[in-house]
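The whole structure should be built from the sequences, with the hints applied where relevant.
Protein chains: 2
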Amino acid sequence: MVPARSSSHAFLRLQRGAPATLAAQLVEQLRRAVLDGVLQPDHLLPSSRELARELGVSRNTAVAAYEALAADGTIVVRPRRAPVVAHVPARAGWQGAARAQPAASAPRLSKSARRLAAVVPPDKLDALLEGRARSRPFGVGLPDLELLPWRILDRCLARRFRAMSAADALLDDPRGAPLLRRAVLHHVAVARGVRATVDQVFITEGSQAAIDLCCRALLDPGDAAWVEDPGPLALRAAVRMAGARPVPIPVDEDGLRVDVGAHRRRGAPRARVAFVSPAYAFPSGARLTLPRRIELLAWAGRAGAVVVEIDYEGELRFDGSPLPSLLGLDMEGVKDRVIHVGSFSRSLFPGLRLGFMIVPPALVRAVAAVRAASTRSPPYLLQAALADFIDEGHFARHLRKLKQATRRRRDLVLAELGRLLPGAVRARAPAGGSVLTLDLPADADDVAIVQALAARGVDALPLSRSTASRAGASRAPGLILGFGAHAEPALLEAARTLAAVVARATGAREQR
Amino acid sequence: MVPARSSSHAFLRLQRGAPATLAAQLVEQLRRAVLDGVLQPDHLLPSSRELARELGVSRNTAVAAYEALAADGTIVVRPRRAPVVAHVPARAGWQGAARAQPAASAPRLSKSARRLAAVVPPDKLDALLEGRARSRPFGVGLPDLELLPWRILDRCLARRFRAMSAADALLDDPRGAPLLRRAVLHHVAVARGVRATVDQVFITEGSQAAIDLCCRALLDPGDAAWVEDPGPLALRAAVRMAGARPVPIPVDEDGLRVDVGAHRRRGAPRARVAFVSPAYAFPSGARLTLPRRIELLAWAGRAGAVVVEIDYEGELRFDGSPLPSLLGLDMEGVKDRVIHVGSFSRSLFPGLRLGFMIVPPALVRAVAAVRAASTRSPPYLLQAALADFIDEGHFARHLRKLKQATRRRRDLVLAELGRLLPGAVRARAPAGGSVLTLDLPADADDVAIVQALAARGVDALPLSRSTASRAGASRAPGLILGFGAHAEPALLEAARTLAAVVARATGAREQR
Chain A
84 MVPARSSSHA
94 FLRLQRGAPA
104 TLAAQLVEQL
114 RRAVLDGVLQ
124 PDHLLPSSRE
134 LARELGVSRN
144 TAVAAYEALA
154 ADGTIVVRPR
164 RAPVVAHVPA
174 RAGWQGAARA
184 QPAASAPRLS
194 KSARRLAAVV
204 PPDKLDALLE
214 GRARSRPFGV
224 GLPDLELLPW
234 RILDRCLARR
244 FRAMSAADAL
254 LDDPRGAPLL
264 RRAVLHHVAV
274 ARGVRATVDQ
284 VFITEGSQAA
294 IDLCCRALLD
304 PGDAAWVEDP
314 GPLALRAAVR
324 MAGARPVPIP
334 VDEDGLRVDV
344 GAHRRRGAPR
354 ARVAFVSPAY
364 AFPSGARLTL
374 PRRIELLAWA
384 GRAGAVVVEI
394 DYEGELRFDG
404 SPLPSLLGLD
414 MEGVKDRVIH
424 VGSFSRSLFP
434 GLRLGFMIVP
444 PALVRAVAAV
454 RAASTRSPPY
464 LLQAALADFI
474 DEGHFARHLR
484 KLKQATRRRR
494 DLVLAELGRL
504 LPGAVRARAP
514 AGGSVLTLDL
524 PADADDVAIV
534 QALAARGVDA
544 LPLSRSTASR
554 AGASRAPGLI
564 LGFGAHAEPA
574 LLEAARTLAA
584 VVARATGARE
594 QR
Chain B
84 MVPARSSSHA
94 FLRLQRGAPA
104 TLAAQLVEQL
114 RRAVLDGVLQ
124 PDHLLPSSRE
134 LARELGVSRN
144 TAVAAYEALA
154 ADGTIVVRPR
164 RAPVVAHVPA
174 RAGWQGAARA
184 QPAASAPRLS
194 KSARRLAAVV
204 PPDKLDALLE
214 GRARSRPFGV
224 GLPDLELLPW
234 RILDRCLARR
244 FRAMSAADAL
254 LDDPRGAPLL
264 RRAVLHHVAV
274 ARGVRATVDQ
284 VFITEGSQAA
294 IDLCCRALLD
304 PGDAAWVEDP
314 GPLALRAAVR
324 MAGARPVPIP
334 VDEDGLRVDV
344 GAHRRRGAPR
354 ARVAFVSPAY
364 AFPSGARLTL
374 PRRIELLAWA
384 GRAGAVVVEI
394 DYEGELRFDG
404 SPLPSLLGLD
414 MEGVKDRVIH
424 VGSFSRSLFP
434 GLRLGFMIVP
444 PALVRAVAAV
454 RAASTRSPPY
464 LLQAALADFI
474 DEGHFARHLR
484 KLKQATRRRR
494 DLVLAELGRL
504 LPGAVRARAP
514 AGGSVLTLDL
524 PADADDVAIV
534 QALAARGVDA
544 LPLSRSTASR
554 AGASRAPGLI
564 LGFGAHAEPA
574 LLEAARTLAA
584 VVARATGARE
594 QR
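For the protein sequence lines, the chains are A and B, in the order given.
If you read the first sequence in our numbering, its first letter stands for residue 84, the second for the next number, and so on.
If you read the second sequence in our numbering, its first letter stands for residue 84, the second for the next number, and so on.
Honestly, the hints are just simulated from the structure, not real lab data.
Treat the hints with caution; some may be incorrect.
Unchecked claim - Partial pick of chain B residues on the chain A-facing surface, computed with a CB cut under 8 Å:
id, residue
1, Ala189
2, Ser195
3, Leu212
4, Ser404
5, Leu435
Claimed, not checked - Chain B regions said to be covered by chain A (calculated; three or more residues, Cβ under 8 Å):
id, stretch
6, 153 to 160
7, 226 to 239
8, 452 to 460
Backbone N, C-alpha and C define an ideal beta-carbon position, used for all residues, glycine too.
What follows is the structure in structure tokens.
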């Protein structure tokens with residue numbers, strides 16, 4: 084069927100002086116007419132000369148419009164003949180068919196995404212999506228920007244930006260920039276006793292990205308993975324996303340209860356991975372003792388499991404010198420079972436999005452392949468600037484300053500809370516890091532207390548949310564308080580607000 | 084059993100003037116002695132005063148060493164009594180046990196990682212790990228750094244760095260910085276006809292990161308996903324990593340053969356996702372015509388599938404105006420099936436590691452949760468600087484310059500190859516983007532030709548590797564050539580080298 088050629092296209096309405104050119108308006112309106120079925124397939128269009136005359140536009144405008152419509156196959160332009168409308172399916176037909184399907188509802192999510200949705204608290208996701216990021220005491224994971232040497236960082240960045248070469252801009256080693264990998268390795272060798280080669284070092288977008296990589300490379304659906312209990316929620320989310328099962332293993336004052344993890348009924352002796360923070364368990368601050376470390380590595384050797392050492396704030400021990408990392412133990416057979424994960428989010432700032440992991444030689448290719456098929460490597464520029472910052476000694480100097488300030492702040496907050504709060508509320512002091520926990524009476528509702536605090540300008544995390552629910556045991560309520568990011572006056576004020584809210588909520592009498 | 088207290092510790096060897104302090108040496112050597120079983124559990128150690136005298140060091144040194152060893156649980160310090168060695172398992176015992184297990188070999192990889200290892204060519208991974216990144220014609224995916232307005236980028240970066248606030252440095256919206264999401268949305272609304280809201284925009288670490296996110300959020304093991312054939316290898320790697328099955332769908336001059344994809348035997352009518360590059364299929368340069376676009380979306384509506392529009396170089400069309408994106412079709416029911424993926428790797432440079440994706444409202448929370456549990460959001464600083472670069476009009480100006488230069492280079496390379504190469508070798512010219520393909524005679528070995536070219540300083544990709552092997556059909560040999568990143572003299576020289584190598588390899592006579 085070849086419909087009659089229309090002499091006039093009354094639906095065309097061109098506006099002179101509109102933001103879009105006349106040709107663009109013509110393209111848009113003709114395409115819409117085809118999609119709407121106003122112009123049917125095989126409809127003969129006027130020649131560009133006729134169309135131009137009909138609409139009172141220049142010949143060039145009509146030619147440009149027809150070329151654009153031919154380019155995407157809306158019309159077919161033929162030499163020495165009038166153009167025709169192509170065989171574009173009519174909107175009414177296929178839209179009706181699509182709507183008739185039940186599948187036309189929201190797209191189906193993968194099992195991974197659905198598992199994740201089941202473990203991420205909706206209010207937490209809401210807070211992230213509503214951009215409620217704020218820096219108030221006692222927020223957790225915040226940096227103190229006042230302590231950062233901005234001028235030096237700025238200089239490192241500007242210098243590297245100006246000197247960037249083509250090879251730099253192309254950077255395609257999925258492990259990251261060699262200069263930062265060398266700088267990081269040297270730093271952790273000195274600061275954390277790590278022994279490894281630069282081949283094993285990966286630069287990541289922070290410690291969470293490194294944890295996610297470990298899950299992707301090592302965990303299959305149904306596998307068990309040890310996680311500390313209490314422990315960070317985001318770690319469990321990453322394990323769940325891989326389809327694996329986070330098995331909460333209790334932490335006492337000597338760190339992870341390896342005996343429980345290896346116990347047939349109470350733990351998961353055949354777990355594939357153990358995630359552990361030997362320097363400070365979050366949030367209790369407990370360190371893993373040497374006997375426990377050996378017990379852990381011995382279990383990993385027997386089980387063929389991998390130990391992921393999350394050293395989030397490992398270098399920020401301010402009481403005494405830092406504890407050596409698991410990779411620093413340097414015991415035969417052990418190094419091939421340990422992945423060491425570190426971050427610059429706490430020592431510098433989270434928006435930098437830089438962290439690292441050191442993997443056993445046998446895992447380098449597998450992790451590199453995952454990186455190459457996903458985010459590849461962080462931006463070269465930030466890697467290069469950070470490498471200079473470390474190599475020139477600024478980072479070590481900054482860490483010293485940071486540790487002094489953090490210790491001062493811990494002492495201040497502990498003293499003030501000890502003075503203000505009743506005996507039923509016990510603050511536990513860490514030897515490093517930047518969080519402390521406050522144990523509340525067993526019947527306290529820590530989630531409600533956190534909400535009441537937020538309304539009065541003080542942030543905290545409820546301890547019960549970081550604790551796994553266990554049959555027959557209730558989750559101990561408490562507050563997780565970050566004390567590293569704010570100067571003394573703000574901390575004192577927040578401590579007083581906190582004491583008042585806690586005292587009221589627990590029915591105890593506040594000390595004055 | 085309480086062993087006798089040893090009066091002398093002959094194994095201790097302290098060196099004055101060494102890089103490590105005397106206390107650190109003491110810690111290291113005592114810890115090693117415990118691990119090696121030289122000092123057994125419950126061994127009574129000398130008091131710090133006795134140890135100091137014995138070794139000729141200060142009392143403070145001995146006290147510091149004991150404190151450090153007590154901190155990690157190597158020894159137990161008791162008030163008014165000599166310290167003892169803790170119950171540290173002897174190395175010989177547990178190492179022997181670990182070695183006796185077959186599991187003591189390399190850690191087991193996840194199925195995802197093993198699947199990936201099966202599809203990533205080892206030589207490609209070697210090249211990445213050996214840092215062989217280089218910018219030579221006709222490398223693919225390279226930027227021309229000479230064309231970039233470095234001074235302006237530098238200014239944007241420096242200004243944002245100096246103005247960074249605490250909230251900026253904390254940035255925790257997993258979708259990225261609102262100011263860049265707004266700038267990107269405005270840009271793609273104008274340049275690509277995309278209609279969406281800023282809520283739907285995610286900033287990613289490039290287009291590959293966005294593709295990987297789509298796979299994680301939408302694909303389960305065993306699911307089918309359409310991929311263009313020929314098409315990029317990295318896309319298939321991401322699909323495989325999710326455990327899904329990439330189903331190669333042929334591309335002809337009108338783009339993806341939707342009819343083949345929807346065919347019960349030849350395609351995968353129940354695929355969950357179709358990955359498609361409507362603006363330019365890689366590497367053929369074919370665009371998806373309007374009839375095919377509608378056919379594709381109609382299939383997605385019927386199948387309940389999602390279409391991922393990879394718009395890698397969509398705005399770099401230099402012949403005529405850019406084709407509208409699928410999200411620009413603005414048809415009811417369609418927008419909820421389309422994810423639009425873009426990148427700044429080609430328009431700026433890959434080391435920037437910034438791209439974006441626009442997802443249907445129903446997927447925002449799921450994708451945000453995956454981001455929050457993995458890499459979170461790219462570095463704030465680069466996002467803010469890029470937002471300014473776009474908002475101030477520099478990006479649009481740069482794109483115009485880039486398109487002009489790229490068209491000139493395409494014309495030059497095509498003319499020179501046409502002049503030099505025999506008729507059996509056909510170059511296909513794209514209307515945009517930065518790669519062209521050279522079809523070789525059916526019996527040519529394109530992998531060998533690529534190796535011969537590399538030895539003479541010219542890069543290319545073998546077309547056969549981008550093509551799926553299909554039963555009964557051989558893979559058409561050819562070369563994929565990137566022409567966007569180098570100035571004219573280098574392109575001409577490379578074209579001559581290429582012509583000579585190809586003519587020799589195919590036995591044809593080179594034209595002079």
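Each hint tested on the structure:
1. Ala189: holds (4 Å)
2. Ser195: holds (6 Å)
3. Leu212: holds (6 Å)
4. Ser404: It holds, given that the least Cβ distance between Ser404/B and chain A is near 6 Å, below 8 Å.
5. Leu435: This interface hint holds because 6 Å falls under the 8 Å limit.
6. 153 to 160: holds (count 4)
7. 226 to 239: Answer holds; 5 residues pass the 8 Å Cβ test.
8. 452 to 460: holds (count 8)
Hint compliance for this structure: no hint is broken.
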